[in-house]
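Chemist: Sequence:
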Amino acid sequence: MRADTVVVLDFETTGLSPDQGDRAIEIGAVRIENGQITDRFQELINPGRRVSEFIESYTGITNSMLKDAPPCSEVMPRFAEFIEDYNLVAHNASFDKRFLDAEFNRTPSTGYTGQFACSLLASRRIYQTASSHKLGNLVRHANIPSEGEFHRALYDSEMTAKLWMAMLERIAPLEDTSQVPFVIMQRLSKVPKDKVQSFLDEKLGGW
DNA sequence: TGCCAGGCCCTCTTTAGGGCCTT
1 MRADTVVVLD FETTGLSPDQ GDRAIEIGAV RIENGQITDR FQELINPGRR VSEFIESYTG
61 ITNSMLKDAP PCSEVMPRFA EFIEDYNLVA HNASFDKRFL DAEFNRTPST GYTGQFACSL
121 LASRRIYQTA SSHKLGNLVR HANIPSEGEF HRALYDSEMT AKLWMAMLER IAPLEDTSQV
181 PFVIMQRLSK VPKDKVQSFL DEKLGGW
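The numbers in the numbering used here rise by one with no breaks, and the one at position 178 of the first sequence is 178.
Calculated from the structure, these hints are not laboratory results. Since we're looking at a predicted model, the values are computed, not measured. Ideal Cβ placement from N, Cα and C applies to all residues, glycine included. Among the hints, erroneous ones may be present.
As the list claims (entries may be wrong) - For each label pair, taking beta carbons as the anchor points, the in silico distance ranges come out as:
#	residue 1	residue 2	range
1	Pro145	Pro71	27 to 37 Å
2	Asp201	Pro71	47 to 57 Å
3	Glu81	Gly136	24 to 34 Å
4	Ser17	Pro173	35 to 45 Å
5	Asn92	Ser64	22 to 32 Å
6	Lys193	Gly48	40 to 50 Å
7	Glu74	Lys193	38 to 48 Å
8	Pro173	Glu33	15 to 25 Å
9	Thr38	Asn143	18 to 28 Å
10	Ser132	Lys190	18 to 28 Å
Turn these sequences into a full structure, and let the hints guide you.
Modeler: If you want it as structure tokens, here you go:
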């Protein structure tokens with residue numbers, strides 16, 4: 001089996017739906033190679049309009065910070081270079097995928113070929129007793145040290161990456177968590193909760 | 001005019017509704 005390098009990413013945005021006109025205002029991402037974070041990406045993006053007071057308060061990203069930030073036409077090509085053709089992970093990946101697709105669609109000659117896996121869906125199988133599956137709560141549940149501020153893109157992507165590695169460690173039958181193929185995590189996210197153990201027994205040979 | 005996200009997942013389900021998660 002090969003070591004699975006993945007890019008864990010997180011968007012801060014003006015709202016919940018690119019279909020309703022919402023835009024990305026920050027991208028954060030880290031690369032995981034052989035169970036270690038080996039590279040980082042963080043850029044603000046000027047969304048072309050003011051963000052709401054709610055978003056300023058929620059993310060700490062203010063209109064004055066975004067005023068001189070580069071537009072997506074400058075940031076997305078750099079982000080495409082960062083993610084290359086690696087597979088991608090995000091917490092509630094359907095959200096980040098919609099914004100990634102929308103911002104790439106605005107930028108000609110950019111895109112990605114990797115597949116997405118979702119740490120939220122995986123965590124609902126692996127940490128079935130967690131009181132909630134919000135990122136911050138899962139980080140505490142898994143005893144992952146955290147000292148930064150959630151709701152910033154790079155910090156959330158780093159915490160998601162550490163959660164991802166903790167989940168790999170939880171299910172890996174061997175010490176080398178890179179033995180857990182990306183596709184197994186993708187499939188695990190769709191397995192009925194009461195079938196998780198038998199799925200892992202079959203695919204990985206037990207906990 | 002009035003609406004306004006989308007997908008997963010559970011249940012008092014499947015001819016549906018509502019909570020969870022992301023900003």
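Chemist: Confirm or reject each hint.
Modeler: Comparing the hints with the structure gives:
1. Pro145 with Pro71: 27 to 37 Å: holds, 36 Å
2. Asp201 with Pro71: 47 to 57 Å: Check passed, 50 Å falls within 47 to 57 Å.
3. Glu81 with Gly136: 24 to 34 Å: Once the Cβ atoms are compared, 30 Å apart, the range 24 to 34 Å for glycine 136 and glutamate 81 holds.
4. Ser17 with Pro173: 35 to 45 Å: holds, 40 Å
5. Asn92 with Ser64: 22 to 32 Å: Given range 22 to 32 Å: holds, Cβ gap about 29 Å.
6. Lys193 with Gly48: 40 to 50 Å: For glycine 48 against lysine 193, whose Cβ atoms are near 42 Å apart, the range 40 to 50 Å holds.
7. Glu74 with Lys193: 38 to 48 Å: holds, 43 Å
8. Pro173 with Glu33: 15 to 25 Å: holds, 21 Å
9. Thr38 with Asn143: 18 to 28 Å: holds, 23 Å
10. Ser132 with Lys190: 18 to 28 Å: Distance hint for serine 132, lysine 190 holds at roughly 21 Å.
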